[in-house]
Every structure is written in structure tokens, then in C-alpha cells.
Amino acid sequence: MFQIAHLIPTVLFVLAANVFADMTGSELAYDPSVCQAAGDSIEAAVDAAQSAECLAMMAAFPRPEPERIPQDKKTMRRSYWRLETGGTNLYDAPGGQLIGAIPAGFNFVEATDAQVEGWVQRQGGEWIRGSDGKPEQPSGFAGFFLPDNWRHPFAIIVSKAGHFAATRPGGASDRASGFFARHHRLVNIFAQAEDQRGRVWYLVGPQQWIRQEWVAKFLPAPQPEGVAGRWVAVDLFEQTLIAYEDDRPVFATVVSSGLSDWPTVEGLFKVWARLRKDTMSGAVGEPDAYYVQNVPWVMYFKGGISLHGTYWHGDFGYRRSHGCVNLSISDARWIYDWMLEAAPDAEGEITNAVYVFSSGNYANS
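Numbering (this note's numbering), first residue to last: -7 to 357.
Since the hints were made in silico from the structure, they are not lab data. Please read all numbers here as calculations on a predicted model, not as lab measurements. Beta carbons are placed, not taken as given, at the ideal position from N, Cα and C, and that holds for glycine. Treat the hints loosely; a few may be bogus.
Beta-carbon label-pair distances, calculated as ranges [claimed, not checked]:
no., residue 1, residue 2, range
1, PRO62, SER351, 45 to 53 Å
2, GLU205, ASN141, 42 to 50 Å
3, GLY277, ARG60, 26 to 34 Å
4, LEU178, GLU258, 22 to 30 Å
5, HIS176, LYS66, 18 to 26 Å
6, ALA164, THR271, 45 to 53 Å
7, SER351, GLU237, 51 to 59 Å
8, ARG60, ASN141, 16 to 24 Å
9, SER273, ALA30, 48 to 56 Å
10, LYS66, GLY277, 29 to 37 Å
11, GLY352, ASP84, 51 to 59 Å
12, ASP307, VAL276, 19 to 27 Å
Below, a list of computed lysine-lysine pairs in the BS3-like style, where the Cα atoms sit at most 25 Å apart [what the hints assert, rightly or not]:
no., residue 1, residue 2
13, LYS269, LYS294
14, LYS126, LYS65
15, LYS152, LYS126
Make a model of the complete structure from these sequences and hints.
Right, dumping it as C-alpha cells:
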């Protein structure tokens, strides 16, 4: 059945855009502040979001459309394997002699191209029973270039749950909103409001409000004193990384930093070592033991803590690591190459700063 009630917001949306364009007589400049309520109440937020100025703004800028960086398909095509957590025996040949083992833990290896039914040869030459693991497909996610004039925050949906937006802050998921929070969809943020429970909601379109925890928001970071050239800012609250050339943001993506038991430390650091791939392991004999072979595009910035590519999960936008900053393979490759192309200092060294900070308080629940 055709329901005229669903048509009304769209009609008002288009009319407001036309009216506001006539009022200005010129191209509408992006200024989401026209949608932000002056008061703190939900009703004030709803009224501001339905104003002619706000509807015109949302009509003119329905969604961000930044250019994606290229995928690192060469690295993504490598054969990665997730091993059983109880430990894995290593053999000198298929059906051959036992020569060692990878202890119990969170374990991954990179396999060679050798094909023997029922067996996998890891890089290094040892053989593993095929039944002791399964292939791991890396995430194809890639971040995006930022336009020269970028100043206002936007966001990416990181929740995989797939909810419809609510039509007001604190409301229930509602198909009538016309907005489905699809994983990795980009949205402009025009306003924010708190509901009665203190939860933050973002306005992403006309009568389209989504929960703050569904997204990772990109917003400019303060430039640390003395930092210049090519550097990156990692926001632990939003789980984002933005790359800068001096004070100009050029690239943005989502990351996975350390879990609450192994938090990524905040501060200002410098990349002290770069490796195209490195094997990482630790906590042998403990419940959190891990062995990850040939982690790609590694940039160490504080002891053994690094920015690096990640082939074992694609949950970027949420904390997942043992303290490192996990990136997709394509994002890590881009940052690795981009940093190396920085101008050297007076001593001929390339210096890249890593600024780790929190723009808010990350909830553990």
C-alpha cells in the first residue's frame, strides 16, 4: 500500500533545498553546524534537524564521496592460514618426521605454493597437516584520500549488525527512516544529540539518527608541537588513523588498537624501524599466546609496538590487538610507501611521527 506519510519528509527535504538555494543565490557551502540544536533536549535536536536550513544542507551534501586508495592485491593474494589453537606439529615433509611444533595459541602462518593433498608447507619449509588449519582470507578494505578543503567530521559505519536508523534520537530502529546502516557505508554528520540514557546519536540525513557506537568518526587532530612533514594521528576513541603532510590531512582509515588488557599507549613517537614483513609472537604458555608469521608492512614506533597490515581479521573500527595498531593490508602498504617518500632531514634520515591520542573515553561494554 502506498503511504503518503513516508513521502512527506522527502517533499519537505526537496522544497527546503530549493528555497534555501533561492535565498542564498549562490552555491551552498558545507556547514553542518546549521543542523545543531542550541539546546540539549531531544525536541530541540529534532526541531533543528527539520529546519529549512538543515534540510537544505543535507540535500546538498547527502554523503561523502572520497576516493579510495588502491588495494594491495599482491599481498592479499598470499596464502595465509589460521591454525588450530591447541598447538600445531611441524614436519620435514608430508608424512615425514616430526621436527618441531608451534605452541598453543592464536596462530597464523603464510603458506608456500607447494601443493600436496592433505598438507600445507609454511614459509620456512616445514610442513603442517591440512586438517590443523584453514585458509584465511584477508580483508579487502581500503581507506581513502581526503580532499584539500576537508575540515568537517564524517564517519564510516563499523557495526556489522545492520540496523535501520531511528527517526529521532533515542528512537527504535525504523524502516521508515529510509536509511540502512550498512557496514562500511560513509555518512556525513550534521548534528549530534543525547538521549535520556546519555547515549550519543548522530544525524546523518533527514529524520535519520544513528548510534555513535555504530560508527568511527573522522575529525581533524591537533598537530603536536614540533611535528612536521609526513606523520599520522591515531585516535583510540574513534579507532581511526589520519595521515598528514604538515597540517594538511591527506588520508583516513579505520584501525584496531589494543584491547583493554593490552592498551595501545598514548603519546608522540617516531617510526624507528620499517619491515616489509615480520613474524610476531609472545606470551608463550599463557592464554593470550600468539604466533603470527610474516605480518606485512610493519612500522615500529614504540619498542615492539607498530603500525602493521593485518590478514587475520577485518574488524577495523574496534579494538582487537595486543597493543599494536592493526590496519588493513592495503592501508598499511599505502602508509608504508607514503612515509618512505617523505623528504629526508638534514642528516639524510626520514622521520615520521606517530601521534596516539584519545578524543573520548572508550567504553569496554
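Outcome of the hint check:
Range check, PRO62 to SER351: about 29 Å between beta-carbon atoms, so the 45 to 53 Å window is missed. Taken as a hint, the range 42 to 50 Å is violated for the pair GLU205 and ASN141, whose Cβ atoms sit roughly 29 Å apart. Taking the beta carbon of each, GLY277 and ARG60 are about 42 Å apart, not inside 26 to 34 Å as hinted. Checked against the hint of 22 to 30 Å, the pair LEU178 and GLU258 passes, with Cβ atoms roughly 27 Å apart.
Distance hint for HIS176 and LYS66: a CB-CB separation of about 22 Å, consistent with the stated range 18 to 26 Å. Checked against the hint of 45 to 53 Å, the C-beta distance between ALA164 and THR271 comes to roughly 48 Å, which is consistent with it. Checked against the hint of 51 to 59 Å, the pair SER351 and GLU237 fails, with Cβ atoms roughly 21 Å apart. For ARG60 paired with ASN141, a C-beta distance near 19 Å keeps the hint of 16 to 24 Å intact.
The supplied range of 48 to 56 Å is met by SER273 and ALA30, whose beta-carbon atoms lie about 55 Å from each other. For the pair LYS66 and GLY277, the supplied restraint of 29 to 37 Å holds, since their beta-carbon distance comes to about 36 Å. Checked against the given bound of 51 to 59 Å, the beta carbons of GLY352 and ASP84, roughly 53 Å apart, stay inside it. For the pair ASP307 and VAL276, the beta carbons lie near 25 Å from each other, so the given range of 19 to 27 Å is met.
Using a Cα cut-off of 25 Å, the hinted pair LYS269 and LYS294 holds, with the two alpha carbons roughly 17 Å apart. For a cut-off of 25 Å, the pair hint linking LYS126 to LYS65 stands: about 20 Å separates their Cα positions. Among the hinted pairs, LYS152 with LYS126 is consistent with the structure: their alpha-carbon atoms are about 23 Å apart, no more than 25 Å.
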